[in-house]
Amino acid sequence: MDILWPLFYIAVYPGMFFLIAYGLFCQWFDRKLYAHMQNRRGPGCLQPLADLVKLLSKEIVIPKNVTEVRMFKILPYIAIAAVTTAALMIPFESTQSVVNFQGDLIAVLYILTIPTITFFLIGWSSQSPYSAIGSMRVLTQLFAYEVPLMLAMLAPAILADSWNTSDIALFYSSHPLLMLVNVIGLGVSLVALQGKLERVPFDIPHAETEIVGGVFTEYSGRLYGFIKLAIDMEMVVVAALINAVFLGGSFGLSGVWGFVLFIVKTLCIVFILALIKALMARVRIEQMLAFCWKYLAPLSILQIIISIIMRSVVWPNL
Amino acid sequence: MPKITVPLGPQHPALKEPGSFLLCLEGEQIVDATLRLGYNHRGVEKAAESRNYIQAMYLIERVCGICSHAHATAYVTNVEELAGVDIPKRAKAIRVIIGELERLHSHLLWLGVAAHEIGFDTLFMYSWRDREMVMDALETISGNRVHYSMNTLGGVRRDITAEQVKSVLSKVEALERRIKYYIELATEEPTVIARTKGVGVLPKDEAIKRCAAGPLARASGVARDTRKDDPYLIYNELDFKLITSDACDVFGRLYVRAFEMLESCKILKQVLNWLPEGAISIKIPVKLPPGQAVNRYEAPRGEDVHYLKSDGGLNPARVKVRAPTLANFASVDYMLKGDQLADAPLIIAAIDPCISCTDRATIITPSGTGIMIWQDMRAHGIEFYKRKGIDFSKVKVM
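If you read the protein sequences in the order shown, they are chains A and B. Read left to right, the first sequence gives residues 1 to 318 (the numbering used here). Read left to right, the second sequence gives residues 1 to 398 (the numbering used here).
To be clear, the hints were calculated from the coordinates, so they are not data collected in a lab. Each hint should be verified, as a subset may be incorrect.
In silico lysine to aspartate or glutamate, DMTMM-like type, Cα no more than 25 Å apart, as pairs [as the list claims (entries may be wrong)]: (1) B/Lys16 to A/Glu208; (2) A/Lys294 to B/Glu28; (3) A/Lys32 to B/Glu132; (4) A/Lys32 to B/Asp121.
Everything numeric in this text was worked out from a predicted model, so none of it was measured.
Working from the sequences, and respecting the hints, build out all of it.
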């Protein structure tokens, strides 16, 4: 029986199946909120599933000048695999994540950059001018948001004196007021995540009116469906990560109530992400770089300094 | 860094109509741009020659879907000038009402398109929702939302009742409040300012040299507006400001269009509150005396020039349409050079291009045949369709 549990974790919960189902739900929730903010009605709740099923049933067209056809075909699955792996290291509804070791926060952040790298390779192997520009933008953007995001995520870890996401969540569950220390870091992370998830105002790599589909221009059918799915799953995983690192995870609860709390908190994060998306125009790539390095990076360093002072001077015995 | 060429069009999500913009890029910077028109030639001018004057008016109205009233009015003014009649003042006032409502809906449409180009879809949805108010007002008056067909030779087709005046006035007032909100939003939202300030710069001397028209010229500080320079209809009796901006960039064009909408509301309120009494149309002879006429009309996108020649027959001998986009198109490659790829769709959208209105003539040069004239083209067409099994040679064309 012991061998079946890991399989259950990987395939059903919190692995593939849950991520796909909840990812599609979050996509619908995001689209519906976005639509209501724009005075539209928005899609019905089965629309994302219908989109996915439609894409899965379509033919795959591979452009003639793609040299590495195997790579072209395999990249979307790598993105999904990376996202699912990261999900196993984050506590969802319980206090403990499935894979649990000291330093898994760094591992999660590292693994979550793999989808971005695969998007770069996707664009690069597509061999079309739009995709080529898109992949250059993916990499440029990666260098801009990744550093502030990483630094902002480290601040709560310093205060909790642990590099383990489950321990960090537990620490803030027992000291809820200390979450207020990390408010700046939370703001920085939410903005940087718009870059990671490639949403307005940082949807530069696939800016529709400039470079059509960006890196995904040449993708169609099943492969494109899986790319979209990977992005939806990534949204769930980063929302869970924010929940665990900044917002105290499940507050020591587990089981049904822990699950309900998890859903409510991640949907709140999706709401904030949708709000940012609705309020802004897309910026240019060099404006994005300037913004990330001039404002986000100093703010996240400030957050780290605050955390260090809090830890070593104000409450040394926590 | 190697240069790459990125095609923006003829089919591209940023373009609402086919037009080709070949951008030569160095990294993200545009170093050269090649523009091409001619994907949308519909032969409107030639078709007008085989219709009588009133039929041709409905055809000319369909030159453009957005400024349909502008083209129809410019054409009708030519016909009235050739016939030597002065139309009743009430008809003129009604034409002004439709013309200004049209300017409002065109500028609101532009605001939405420009917002979409910079990825600000919320503004796009909001401005298009409020545009519906103008469309409803136009429908109240004319019965149609897009091609109002309000004009007829010698006046207008329908009268405006007192209830219609009241309903349109309330809509204009509601709209004025919304426009003020948009002005506040567009001039204070940091991402909008970041994307529009200093983008697509067209200095004043360059705007004059390249014959820019309409809001594009006015945003470069050229005070040029046919309604002021060469007043037609009743514009000389109305009180409105000529909006200009010295910003010379996309932000200036946004500013000019936004404040022009407020001026349009002002004009509408004046005309609606003071509608002259009297007939709405007079009779015009079926055949016009031989002669030529040229008239200008300030369409929402700029100066619209129409030429009409009569040889005394039932049909116009020659109709020539110069849509404002053609005047503004020459400035696009200047504005594109040196800017970022990300700005290209916005710069193109900022002239409010209407490409199908612009495509008046096309020169087709298949290898070795040189320029084809009308007869050659017709022979080519008959030959082309014969190969597909359809014989058009029996069809009589003038």
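These are the hints, each one checked on the structure:
With a C-alpha separation of about 13 Å, the suggested pairing of B/Lys16 with A/Glu208 holds against the 25 Å cut-off. As the CA atoms of A/Lys294 and B/Glu28 are separated by approximately 21 Å, the hinted pair is consistent with the 25 Å bound. With a CA separation close to 23 Å, the supplied pair A/Lys32 and B/Glu132 stays within the 25 Å bound. Between A/Lys32 and B/Asp121 the CA atoms are separated by roughly 14 Å; this keeps the pair inside 25 Å, and the hint holds.
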